[in-house]
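Given these sequences and hints, build the entire structure.
Line by line, the protein sequences are chains A and S. Heads up: the first sequence at position 101 corresponds to 101 in the numbering used here, and the numbers run straight through without jumps. If you want the numbering used here, it's the 1-based position in the second sequence plus 283.
Source of the hints: derived by calculation from the structure; they are not laboratory data. Just so you know, even glycine gets a beta-carbon here, dropped at the ideal spot from N, CA and C. Treat the hints with care, since some could be wrong.
A short list of chain A residues far from chain S (calculated; beta carbon distances all over 12 angstroms) [said to hold, decoys possible]:
1. Q48
2. L70
3. G75
4. V163
5. I165
6. L167
7. S221
8. L226
9. F245
10. E247
Below 30 angstroms or equal to it, Euclidean Cα-Cα: the simulated BS3-like pairs (lysine-lysine) are [stated by the list, open to error]:
11. S:K390 <-> A:K275
12. S:K390 <-> A:K97
13. S:K287 <-> A:K184
14. S:K293 <-> A:K184
15. A:K97 <-> S:K293
16. A:K276 <-> S:K390
Incomplete in silico selection of chain A near chain S, CB under 8 angstroms [unchecked claim]:
17. I213
18. I237
19. F238
20. T260
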Amino acid sequence: MDFRKIEENFFKVLMIFSTLIIFASLFWILIIVAIKGIPAMNLAMITQAPKGGFYLGKEGGILNAIIGSLLVASGSTLLALILSLPIVLYINVYLTKKSRLAMFTRFSLDVLWGIPSIVYGAFGFSIMLFFGLRASLLGGIITVALLIIPIMSRAMDEVMQMVPIELISASYSLGANRLETALKVVARQALPGVLTAVLIAFGRGIGDAASVIFTAGYTDSISFSLFRPVATLPLAIFYQLGTPFPEVQARAHASSLILTIIIMLISIASRYLTKKFKSFVVK
Amino acid sequence: MDLKRTIREKIATSIMLVFTGLSCVLLFVMIFALYFRSRPILFIKPIQDLLFGTVWAPSRGEFGFFPFIIGTLWVTLVSVAIAVPLCLLSSIYLSEYAGARIREWTKTPIDLLAGLPSVVYGVWGLLVVVPVIKDYIAPLFGSFSTGYCVLAAGIVLAIMIFPVIIHISVEVMGYVPREIREASLALGATRWQTVKYVIIRKALPGIIAGFMLGLSRAFGETMAVLMVAGNVPRIPKSVFQPVYTLPALIANNYGEMLSIPLYDSALLLASFILLLVVLIFNIISRLFLSRIERSIR
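Now the structure itself:
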């Protein structure tokens, strides 16, 4: 038999095998999270805050962390959207493709994307000390917003770059100025992409622990105040796993199932919305 | 009426310009802030004592980062060693062998893998990787391990960086022009030979950039490593020994850091080091990638 054919088949098997390992690892993680999480799941988990002795295995749930995480993630997503939409519109409508500033902005957003969240946490913490802020919902929102701005802006930028130049020219020739073109034509044309970007950023914000450990703190009570610490889901999982009691650890497993379900729902929602809003796009 | 539009346009333009400018300087602000906050310790201790000192005893005023730096390198290298061959083979498969339908189907799981929070990876590591290493893998090599070790962290990290590497590798292999592929096949090369002699060579800078982005992701990953690495500030002698990484050090000690002098400064120095290392890897790989992108346009 031909050596080349043996080599071809050998590597093909190896490649399929590697691909299977990679996808199997995802399903392995999901299955373990489900198997360990479901038995410990109960209604109290999602309807109650921790009661006295919660970390010793007594009653309560993680409603404080669910609410806290949703507050941090939605606050920071909103803040990040307010800050990144002008950036993205500016580099796509006001600047040309070859503009130095546009290229540099994209480059620095890409680099910011790669910075670990613990560094954002340390940076956010330094800023908070500078302004005399304590660990609070506000601190968490600002830090997570900084973390997700690069993700959100680059995701929106990708779709805005696809907006055909003819469409923009048509808008100008009808007498619209650049702001009107940006808001009424480019932003609307890119709406599905903007929604996806928002949801990706939200998912990242809800799942990140290292950036909120310094900045949002932790509390066992349900708090809506901007200036008080809030609990977050990833940290709730982490702290519950840190106790030596099996009941509390089992609840940590249930909490990670809740977090995973939230992430999956966001992912499904983004796919669905993208499809739905595609119909508003001029092709 | 027209004046109002013009004024609105002017105001909006300046606001947008300011935000864009801010996003460009954020990186420099971060570098400066972390440097500024780590200055107190840099003034007192010589930098080589901090970087190469092996004793970590904050209460006695000894801050040797060497075990943490080496620990972070160990964990990162193990994860890259596991991820690189698997991701390379899988990317080649997805880009060159798989049909359009399989490629479309595989996008969702890869996105999901990228979207899973690191705590969930940590939980999986605790439930699966740690016991498996303790009960099966370590005894197989004739050594004892609690399971909380370099290898556990490396395996968990490898899975976390799969999506980064695959995403970029598949993309840059897609940039290789179809004519080159067809020319190679027309000359009688097999598919694998085309991959080996043409595609890999053509896409190599991009693939390396992908590896480097994965590496820097692993270098800075915090929670998952914190949960499975054991966190003992000693230089590990084998992959079955516990390890303490820089990000884990920062995350684990924030509670007590304000009560011991210089402790907060030392931890911010750790994040400053982390930022610089990750920055270097990111800048190099992004330069690679933007050059590739420009060459195909």
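Please write out, lowest number first, the hints stated earlier that are contradicted by the structure. none
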